[in-house]
Amino acid sequence: MTAELFCRGLTKHLGGRPILQVLDLDVKAGEVVSLLGASGSGKTTLLRCIAGLMDPDAGTITLDGKMVFSDSQTIPAEKRRIGMVFQDYALWPHMTVAGNLSFALQSQNLTSGEINTRVEHALELARLVPLRNRHPSELSGGQQQRVAIARCIAARPSLMLFDEPLSNLDAALREDMRTEMMDLVRHEGLTVVYVTHDQSEAMAVSDRIAVMRNGILAQFASPQELYDCPANAFVAGFIGGFSALPMADFATGDGYLVIRPEDARPAEANLDMVLTGRITARAFQGRCWRLTLEIGNTRVKIDWPHDVSVGQTLSFSLPADRRLIVKH
Amino acid sequence: MTATTRQIHKAATKHRGLFARFFNAGTFYAAASTALINVVFFLLIGLPLLLVLMQTFFPDVFNPNNPSFTFSLGPLGRIFVVPRVYFAILHSVELASLVGVLATLLGGAFALIVQRCDIPLRKSVGFIPWIVFLTPAYLKTVAWVLLMSPGGYLAEFGLLPPLTGSLFFAFPGLTLVHTLGLFPFATFIIGNALRGLGSEMEDAARLGGVPLWRVWFKINLPLLAPALALSFIAIFAQVLSDFGLASTIARMSNFGVLTYEIYAATSSYPIDFPLAGTQSLILLSLVTIAVLVDRLLRRKDDLKLISGRSRPSRDYRLGPWRWVITGLAFLVAFIALFLPIGAVIIRALTRTLSDGMALHNFTFANILEASNVHSLAFAALSNSLRYASIASLISCIAAVLLALQLEGPGKFMRSSVMSLALASVAIPGIVFGFGYILMWNRLPFFKDSLFPHYGDASLLITGYIGVAVPYALIVVMAAIGQLAPSLNDSARLFGVGAFRRVLRITLPLIAFSVLTGFMLNFIHIMFELPVSQMLIPRTESPAPIYILRLLNYDKDGLACALSLISMLIAGGAALLLWLAFRWFAARNGAANNGKWISTPSLAEDVR
Numbered sequence: 269m270t271a272e273l274f275c276r277g278l279t280k281h282l283g284g285r286p287i288l289q290v291l292d293l294d295v296k297a298g299e300v301v302s303l304l305g306a307s308g309s310g311k312t313t314l315l316r317c318i319a320g321l322m323d324p325d326a327g328t329i330t331l332d333g334k335m336v337f338s339d340s341q342t343i344p345a346e347k348r349r350i351g352m353v354f355q356d357y358a359l360w361p362h363m364t365v366a367g368n369l370s371f372a373l374q375s376q377n378l379t380s381g382e383i384n385t386r387v388e389h390a391l392e393l394a395r396l397v398p399l400r401n402r403h404p405s406e407l408s409g410g411q412q413q414r415v416a417i418a419r420c421i422a423a424r425p426s427l428m429l430f431d432e433p434l435s436n437l438d439a440a441l442r443e444d445m446r447t448e449m450m451d452l453v454r455h456e457g458l459t460v461v462y463v464t465h466d467q468s469e470a471m472a473v474s475d476r477i478a479v480m481r482n483g484i485l486a487q488f489a490s491p492q493e494l495y496d497c498p499a500n501a502f503v504a505g506f507i508g509g510f511s512a513l514p515m516a517d518f519a520t521g522d523g524y525l526v527i528r529p530e531d532a533r534p535a536e537a538n539l540d541m542v543l544t545g546r547i548t549a550r551a552f553q554g555r556c557w558r559l560t561l562e563i564g565n566t567r568v569k570i571d572w573p574h575d576v577s578v579g580q581t582l583s584f585s586l587p588a589d590r591r592l593i594v595k596h
Numbered sequence: 003m004t005a006t007t008r009q010i011h012k013a014a015t016k017h018r019g020l021f022a023r024f025f026n027a028g029t030f031y032a033a034a035s036t037a038l039i040n041v042v043f044f045l046l047i048g049l050p051l052l053l054v055l056m057q058t059f060f061p062d063v064f065n066p067n068n069p070s071f072t073f074s075l076g077p078l079g080r081i082f083v084v085p086r087v088y089f090a091i092l093h094s095v096e097l098a099s100l101v102g103v104l105a106t107l108l109g110g111a112f113a114l115i116v117q118r119c120d121i122p123l124r125k126s127v128g129f130i131p132w133i134v135f136l137t138p139a140y141l142k143t144v145a146w147v148l149l150m151s152p153g154g155y156l157a158e159f160g161l162l163p164p165l166t167g168s169l170f171f172a173f174p175g176l177t178l179v180h181t182l183g184l185f186p187f188a189t190f191i192i193g194n195a196l197r198g199l200g201s202e203m204e205d206a207a208r209l210g211g212v213p214l215w216r217v218w219f220k221i222n223l224p225l226l227a228p229a230l231a232l233s234f235i236a237i238f239a240q241v242l243s244d245f246g247l248a249s250t251i252a253r254m255s256n257f258g259v260l261t262y263e264i265y266a267a268t269s270s271y272p273i274d275f276p277l278a279g280t281q282s283l284i285l286l287s288l289v290t291i292a293v294l295v296d297r298l299l300r301r302k303d304d305l306k307l308i309s310g311r312s313r314p315s316r317d318y319r320l321g322p323w324r325w326v327i328t329g330l331a332f333l334v335a336f337i338a339l340f341l342p343i344g345a346v347i348i349r350a351l352t353r354t355l356s357d358g359m360a361l362h363n364f365t366f367a368n369i370l371e372a373s374n375v376h377s378l379a380f381a382a383l384s385n386s387l388r389y390a391s392i393a394s395l396i397s398c399i400a401a402v403l404l405a406l407q408l409e410g411p412g413k414f415m416r417s418s419v420m421s422l423a424l425a426s427v428a429i430p431g432i433v434f435g436f437g438y439i440l441m442w443n444r445l446p447f448f449k450d451s452l453f454p455h456y457g458d459a460s461l462l463i464t465g466y467i468g469v470a471v472p473y474a475l476i477v478v479m480a481a482i483g484q485l486a487p488s489l490n491d492s493a494r495l496f497g498v499g500a501f502r503r504v505l506r507i508t509l510p511l512i513a514f515s516v517l518t519g520f521m522l523n524f525i526h527i528m529f530e531l532p533v534s535q536m537l538i539p540r541t542e543s544p545a546p547i548y549i550l551r552l553l554n555y556d557k558d559g560l561a562c563a564l565s566l567i568s569m570l571i572a573g574g575a576a577l578l579l580w581l582a583f584r585w586f587a588a589r590n591g592a593a594n595n596g597k598w599i600s601t602p603s604l605a606e607d608v609r
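Line order of the protein sequences matches chains A and B.
Number 297 in my numbering belongs to position 29 of the first sequence; there are no gaps in the numbering.
Number 365 in my numbering belongs to position 363 of the second sequence; there are no gaps in the numbering.
Read the hints as simulated data drawn from the structure, not as lab findings.
Certain hints may be false.
What the hints assert, rightly or not - Chain B stretches covered by chain A per the calculated footprint, using a threshold of three residues with CB under 8 Å from any CB of chain A:
1. 347-356
2. 485-493
Claimed, not checked - Example chain A residues on the side facing chain B (calculated, C-beta under 7 Å, incomplete):
3. Ala345
4. Phe354
5. Leu378
6. Glu388
7. Glu392
8. Ala423
9. Ser468
10. Asn482
11. Ala486
12. Phe552
As the list claims (entries may be wrong) - To give an idea of the interface, some chain A residues facing chain B are shown, with a C-beta separation under 7 Å as derived from the structure:
13. Met352
14. Ser375
15. Gln376
16. Ile484
Each residue gets a CB set at the ideal place from its N, CA and C atoms; glycine is no exception.
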């Protein structure tokens, strides 16, 4: 049921602008990979190319050992066996929950017994049995999302795509639904490509994260690797609220010093790397204060154990093993 | 397949519509289906219009004795020579301009009091423009003739001094009746803009100490200017295209306007097709200018300040004045609606106009005759019902097929067809009718056609379809445009084929809009006058023409009874259809104006 995905040299232009630039992406069977990037980075275009809803200009896509897109052949979206949870869930509003699930299966030449079995299994898995006769308009946002996932699970796709599925939910519900959604996916052992612009969401759901920038992969690594060793200042800036301070200030060559907020220590703790800046903003975060300092022309965020007034100067240091220097 | 052939195949696939994908018959089918659609549109709308224009510049092209393609500007020159023609142009522009201003003011006032004032009975006042809009125009025209003529009802009650009656059957009367009939257009356009404007910008200015009157002149009115201009243009175009008032009050007043002069040139002896063509060209040019200005205004960036999204607004407190304002609104409703409809009802229930409302004058004879299945009046009514059903059904099916076909091609093609449809709606019916006469009575091949055949109901129905398709297309395309692409994409990903996607996803979701398009066209055709007048079949004439004939023979009682019964049957049929759809939708979960009919929600309990 689960499949490997290989994208090679994918290129796509829209309106004369390059959206994907000779991009490679490998996803192992059963792996959850997130495409993380800002708006316009090409993540949704990549997802739609994989789904077959859009054709790349060049490159190849191989799914489950079968070429689904290349210069010589294109397998249409309806024959790729790919499930997708859309940002707006795309539930057919005139069909009930059970109708949404079974309609998707009726085109697969399955017996009615098989369709019923699959629908029941998916409804049960997604805890939707009591809601089976409801229409989508009668469901809450979270319930609608569960229907969208159950619909994909019932179809048993070889690959499942998620297009920012949590963006329509409020903050409180988002975390619950994220856990619930990934439990379902992991339970079924599905291969997943997950699009999001929220780094904390990507960190929480993924085995690996592909950070995208201007149609290329800026870094493709596990959440921990991304955290520990961001490949460049862009990735560092995108992950976890890190700050990147130009190294020219320190006369140690080109590059940026990555400052993770939680690594800041009192100045006297590491006298060989003391940084001083003026406080421009402060916010109480429960266990600490998140301070924003201006060092030269760069804004740096650090976590500090006590409050410091705006306008004051503050010196802090970084431990030797937490000093990471990256390229632009 | 080589890379080049694949590119060609891909390009062709991109431009194939639904049917090409369904039948999978390659580019040939795609080209054939597109060509078929273009041919049908050309025959229904393009060719008749082209012939009208040809007639202007090649006046002898349809000369039965000596046809020739000699180019001549002679017919155009007659604009400046024949007083009847230039007066008709002046009268049309003069009337359309004044009514444009007055109806915009009246409609704007209605919009303002309904949207922004704390008046009592606000919902009822808001409903007034809708009822006026839905009442057939020529019914109101007939009513005004009954009310204002020297022996009419108002004179009977002593409410109409003799001088007023003669003034009414002239420019002032035409202006009044048009203004009272068309102000709802302004209410809808300006009301929508007011909703989008909200009162945030006004509040910001008032907090800065700017007095209210200045806020209106410096902020609200400049922001509403595009909507006011749109309203003026829409009403201007409506007045230019009108044939109902032109053939009744305007004709009785000797106030010639373009639409009636076109009809007169094609129906009075000697028939003067070149003159009708020239007048049609002028009318079309005026309407085209109005449509172009409308499109330009809609594209203007300034309009983005006022979006379709509702913004919060605060009501003006009018104090005791609110009762006065509400009273005035109901006075307008009385004059624009209740008075004319009342006059038609009374005339339908009385023997003669001159005996007025004397008790002995009341009778059910007119109603009984109009509803007698063996009477000519009832035959005309059943003809109209038949024509309206057939033409609305065919136009809706054609619109759905065309809209689905346009799902494949790019945005440009869709917006081009939408613009064409919008422009076609603005074409005056009288010009359409004239074009059909030229095409089916004079053009070789077409004039010998057995179906549709000139002088038959088949041609009248074809004309109705030509008028109705653009309306249906606008409604259906707008509905398809509202569907999120992901609904179709998700079905594709589950392996659902193109035909099944249309049948199970698209059609159920646009069903309500298709039905709306059908009902609008049905009612419109039931009361359509200009095309009916130009393409009257030798036998089986439709109700509007029979009603006009009755009026000409002073059988206005029967005419009013037939009008009333037509309105009740058309409205009743539309209501029944709508109720049947609601019932069907409730059982099957189909669309109801974008909402979904379902059993009472228990979602909150589960949450």
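Quick rundown of the hints versus the structure:
1. For a cut-off of 8 Å, the count of residues in the stretch 347-356 of chain B with a CB near a CB of chain A stands at 0, and the three-residue condition is violated.
2. Counting residues of the stretch 485-493 of chain B whose CB lies closer than 8 Å to any CB of chain A gives 6, so the stated coverage by that chain holds, three being the minimum.
3. Because the beta carbon of A:Ala345 sits about 5 Å from the nearest beta carbon in chain B, less than 7 Å, this interface hint is met.
4. Annotation: interface hint on A:Phe354 holds; nearest CB of chain B at approximately 4 Å, less than 7 Å.
5. For A:Leu378, the suggested interface contact is broken, since its CB lies about 11 Å from the closest CB of chain B, more than 7 Å.
6. Interface restraint check for A:Glu388: the shortest CB-CB distance to chain B comes to about 18 Å, outside 7 Å, so the restraint is violated.
7. Annotation: A:Glu392 was flagged as interfacial toward chain B, and the flag is violated, the nearest CB pair being 16 Å apart, outside 7 Å.
8. Interface restraint check: A:Ala423 against chain B, minimum CB-CB distance 6 Å, threshold 7 Å, status holds.
9. Checking A:Ser468 against chain B: minimum C-beta separation of about 25 Å lies over 7 Å; hint violated.
10. Given the 7 Å rule on beta carbons, the hint for A:Asn482 is violated: about 25 Å separates it from the nearest Cβ of chain B.
11. Among the interface hints, the one on A:Ala486 is violated; its C-beta lies about 28 Å from the nearest C-beta in chain B, farther than the 7 Å criterion.
12. Hint status for A:Phe552: violated, given a least beta-carbon distance of 32 Å to chain B, over 7 Å.
13. The criterion of a C-beta within 7 Å of any C-beta in chain B is met by A:Met352, whose closest approach is roughly 5 Å, and the hint holds.
14. This hint holds: A:Ser375 has a C-beta 4 Å from the nearest C-beta of chain B, less than the 7 Å allowed.
15. For A:Gln376, the interface hint holds, the least distance from its beta-carbon to any beta-carbon of chain B being 6 Å, beneath 7 Å.
16. For A:Ile484, the interface hint is violated, since its Cβ never comes within 7 Å of a Cβ in chain B; the closest pair sits about 25 Å apart.
Violation of the numbered hints given earlier is confined to hints 1, 5, 6, 7, 9, 10, 11, 12 and 16; the remaining hints are satisfied by the structure.
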